[in-house]
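Chains as they are written, first to last, in full-length UniProt numbering: chain A, 1 to 250; chain B, 1 to 250.
Treat the hints with care, since some could be wrong.
[Claimed, not checked] Pulled a few chain A residues facing chain B out of the computed Cβ check, cut under 10 Å:
#, residue
1, Leu76
2, Asn79
3, Lys87
4, Val158
It is worth saying that the hints were derived from the structure and are not from the lab.
Don't be surprised by glycine CBs; every beta carbon is placed ideally from N, CA and C.
Protein chains: 2
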Amino acid sequence: MNILLYLEYDGTAFHGYQRQPFVRTVQGELEAALFSLLGEEVTIHGSSRTDAGVHALAYPVSFQTASTIPPAKFALALNPHLPEDLKVLESMAVPEAFHARSSSRGKTYVYRILQRLQPSPLHRNQAYLVRRPLDIPAMEAAAERFLGTHDFSAFKSVGSTDPNPVKDMQGITITQEGDLVDIRITASGFLYNMARIMAGTLVDAGHHRITPEEITTLLKTGKRGKAMVLPPQGLYLEKVYYAPEDLSLD
Amino acid sequence: MNILLYLEYDGTAFHGYQRQPFVRTVQGELEAALFSLLGEEVTIHGSSRTDAGVHALAYPVSFQTASTIPPAKFALALNPHLPEDLKVLESMAVPEAFHARSSSRGKTYVYRILQRLQPSPLHRNQAYLVRRPLDIPAMEAAAERFLGTHDFSAFKSVGSTDPNPVKDMQGITITQEGDLVDIRITASGFLYNMARIMAGTLVDAGHHRITPEEITTLLKTGKRGKAMVLPPQGLYLEKVYYAPEDLSLD
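The shape of chain A in the complex, shown without the other chains (with noise of 0.2 Å):
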């Protein structure tokens, strides 16, 4: 039976998501929380790497397993062996072909930045703190540079193991409640840090410091502009995209 699950996690106290040797990752503790279960070694597929600090709303996993646990149930059963920073929202078989990230249509990332003077105690791990005041509106323009295909290669860092540089952007809205500004990125895929080069770069149009000819001329070029990777705690992974012919077991 395949199995889908969807995790929410708090990254922070995490090694990012992949299994490593003698570190806290999700899918080591995840794995454990399976074996503990099942009494099964299951191998599961993540639907990305995410790194140390990164959070994730709805992070989709798969694997294969001989249990009879309904579908349905795999939720309710394996939180009580999961720790409170990592918990299973939802889970449903799906077909034997189904893989978390080959499967993978799109994703939608958020960034989270905190507007104000002073750092803020309960934000701290899950925003990004930005004291000068940021202009939304130069912000949304220079958002509009990145839309359609284009090669993203000036946007990711060195380490990037996707051999394909070319994405589809779909969408980049900018939301602000309060003192929270929020930076939702929704392309067909995303290279090594492409998500926090494009925060930073957007934080650098809110402060007039890059215009929006030269995006477009980061794009052409392909050469690593001077934007910011933003730190991690400001990151989470908000959906991934399966198209329902991929999920229905119809």
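Use these hints to put chain B onto chain A, whose structure you have.
Relative to the frame of chain A, chain B by itself:
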């Protein structure tokens, strides 16, 4: 010089506001930071006690100091001496007669509920999970019964030190955004655990376990009802009200 500070804190790792030997408290950490900045033993006056795990969005404290630091600069000067879960948002000079607790005219507390089936890693220390759906209009109808001036003896825990159980309840609003439900309570004062017991009563109303009439009866008889003291992690001190003339130096 009499200084007023507004604090934000994440109550998770504090044993409440009030200084106590051998445990970590907000007052203890703030007095240590003031000593480290000023080299002066300062006693601070908080606006109320808050329990372990309770948060504050703008908690006022006042203190006398011989320091010559410009009053508006205390936030910037103190924050490097404070831990990540406690920061100063704003600072100002106030008249000599001002006292964060005794000058208070009223307060607003927010109780935050997460309404969904599975626990949330990202909200685990900052909201209370309620699995059963809440009937919000029923909560609003119940909340109306609290409005006005009443003896709130039925809505306090043993150990209340406030000699006056009569409070003026000025407003209760319930707002829902996604799966978060915020109960916002504004009153002239709060007895021990009053906000958490009122929130528990409103959750019971949302589950049709108490009627508005029964709330009126509790207020009249002063007999403690069946509602839970909801856990501390959902509670936030949002605002303390002062009269403009008590804050004005002119």
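Taking the hints in turn, this is what the structure says about them:
no. : hint   : verdict
1   : Leu76  : 8 Å, holds
2   : Asn79  : 6 Å, holds
3   : Lys87  : 5 Å, holds
4   : Val158 : 30 Å, violated
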